[in-house]
Amino acid sequence: MSGEISVSHNENETTISIKGRFNFEMHSQFRTAYQQTGDGGTDKSRKYVIDLGGTEYIDSSALGMLLLLREEAGANEANIEVTNARPEIRKILETANFQRLFKII
Amino acid sequence: MNILIVDDDRINSTILSRLLARDGHQVLTASNGVDGVACFKKEQPDLVLMDVRMPKMNGYKAARRIKDMSVDRFVPIIFLTAVTDEEGLSACIEAGGDDFLTKPFNRTILQAKINAMRRIQELDTALRRKTFELERHQENLHQEMEVGNHLFTNIVRAGNLQDAPCLRYSTSPMSVFNGDLLIASYNPAGGLHIMLGDFTGHGLSAAVGALPLSELFYGMTAQGFSIGDLAEEINAKLYTVMPTWITCAACLIEVDYRQKVLTIWNGGLPDVLIADSSGKIVHRVASTHFAFGTIGSDPHLRKVEILEMQDDFRVFLYSDGLIEANNSEGAMFGQKRLENHFDGSIKPADLLDRIREANDQYRGETKQSDDTSILEIDCAKAGEEPPGGRQQTTRKDIPASDWQVSFSFSATTLRTVDPLPTIINAVMSLQAPTGHRERIYTILAELFSNALDHGLLGLDTKTKKTPEGFVEYYSQREKRLAALEHGEIKLHLCHKPLGSEQNSSGPMVRGGEIAIRLEDSGPGFNPNDVHSSLESNLGHGGRGIALVQSLCTRLDYHGCGNVAEAIYNWTHQ
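Protein sequences appear in the order of chains Y and H. Quick note: the first sequence uses numbering that gives the first Met the number 0, first residue 0, plus one each step. Quick note: the second sequence uses numbering that gives the first Met the number 0, first residue 0, plus one each step.
Only chain Y is shown next, with the shape it has when bound in the complex (with noise of 0.2 Å):
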């Protein structure tokens, strides 16, 4: 049982959402999903969200996931939101640190 990822574009900003469990299953689904912009690369330039509202579980390899994005979307030069993720999930984005490395509103 895994999630299901859905993709919005406009001009710069891309929006992935992720509905049920982010996990490994997930890995290059998700990659596909912030790989479609720009001329198939990772845009560097763009802001990313990644919307967590309906996501029920996190794991290390999604934290992965996230990492490998904000190295490819520039590293510190990176723009990356993650939202709406519930408290559980933010417990867990936390105990990992990456507030000091996305911004987790």
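Think of the hints as simulated: they come from the structure by calculation, not from any bench. Among the hints, erroneous ones may be present.
[Claimed, not checked] As a list, the in silico DSS-like pairs of lysine-lysine whose alpha-carbon atoms are at most 30 Å apart: (1) Y/18 - H/55; (2) Y/102 - H/335; (3) H/302 - Y/90; (4) H/478 - H/236; (5) Y/43 - H/236; (6) H/279 - Y/90.
Got chain Y sorted already, so can you dock chain H onto it with the hints?
Okay, now just chain H, sitting in the frame of chain Y:
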């Protein structure tokens, strides 16, 4: 295709042969079932056209034989029949036939049926090939998992985890082997380093990462490096060698039973919980760091939590698999359910088992979705010797000889690096007599930290007398060290062999004497503070000097108390 016609009717057989040959097929013929089976066996054709009624052996029987002979590939058999009744046709299929062709033959239908069979045959071949590949992959994967498992098990076994009397733990892996790494090892001063690591993913990726991690853990611990040093090195290594998305959430703990200090570094693991004899949580150490391998460098990475250790403390370390265990409804065990155990109603000694039972019960028959580990450190047993004695790194004993060595450290050096492990290692590689390593390490470490903490940084041991002061002491130390601009520490070591005895092969050395002189540029000690007895010195701090005194043959302070001279004698054990 290579097609075999089995038919006793010569005219039929000839007509078919011609039709097939015209379409480019190679044709073989046999005139009865027995010959047909023999020919099939010899020529291995791709397809068989089989008459039903024939002398010696009929078509049904021959078809069964042929099917029995070709279990490893799909050989289509098309029955040639004059009958059109349902019973006759179903008998053909039951005998193993794949299709039938009614006489007289129509060329188009014959071609269509042969093509259809060819397609099925191609599908069958592809399927068999894929199955074979899958099986081979499965086999490879299994073998690689075995290798991983072997490595992982040996890495874990290499440590003193099983031996340390103060540790109890339980791990349950979700896949072939555990992605949680639980290792422990004694440092040269007899302190215990413990690490719980939880790698992203399970299986091979974890085993691969466990290699460099455990090498650094064991190596640096044996050399006397601190938890902060370990954290920094392990992070740098994992960041360099592992892919971005693989990280290792980890917690490092040093249990120093002599100084009664717990040093904790938590990067990405759930809160470390510390309970006392009331069975309630008295301390909690949350993750303040990234998991190993998340980022390349972080100025705060060395920062550790220092706690004064009480004998009734029990420290609980666990991986997120414990709190994220799902029940049959998909709900999580959760932090709250875990912490409910610490309401004071459970005897501290039973906490570990009760938590474990509650977790197993909660999960019931639900499939485990993550590795689960929980470890307890019973501080009351922290000073107990492991059953086999502490594991000494196997280094050859060097015969006692004459040598001298001097070190001098400026404020800049002291501010930026901890020179102690380097000094110790230099001394240990010169003369590290078995059974004395730990003591020599302790003497050097105590004298050195006295010179630095009190001599140069002007810290007062008395501050450590209350639990609040204890924390204050270490935070002051950090601040003052960072701001240190002047000062110097000089260390001089002089070793000479002792007690030689004459025997047939010349003088036999029985041991040696190490004279240690440590001088700091600080204002010095009050000798009365220094010469306090070991017994009266078991408060919240300041055990250091008394400890050194009890280990050395002599300990004197000179100058204004800024020069310490210690003599340590050793004999072969």
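The hints, checked one at a time:
1. A threshold of 30 Å between alpha carbons decides the hint, and for residue 18 of chain Y with residue 55 of chain H the separation of about 69 Å lies outside it, so the pair is violated.
2. Between residue 102 of chain Y and residue 335 of chain H the CA atoms are separated by roughly 27 Å; this keeps the pair inside 30 Å, and the hint holds.
3. With a CA separation close to 21 Å, the supplied pair residue 302 of chain H and residue 90 of chain Y stays within the 30 Å bound.
4. Between residue 478 of chain H and residue 236 of chain H the CA atoms are separated by roughly 28 Å; this keeps the pair inside 30 Å, and the hint holds.
5. Proximity of residue 43 of chain Y to residue 236 of chain H is assessed by CA-CA distance (about 27 Å); at most 30 Å being required, the pair is judged to hold.
6. Among the hinted pairs, residue 279 of chain H with residue 90 of chain Y is consistent with the structure: their alpha-carbon atoms are about 23 Å apart, no more than 30 Å.
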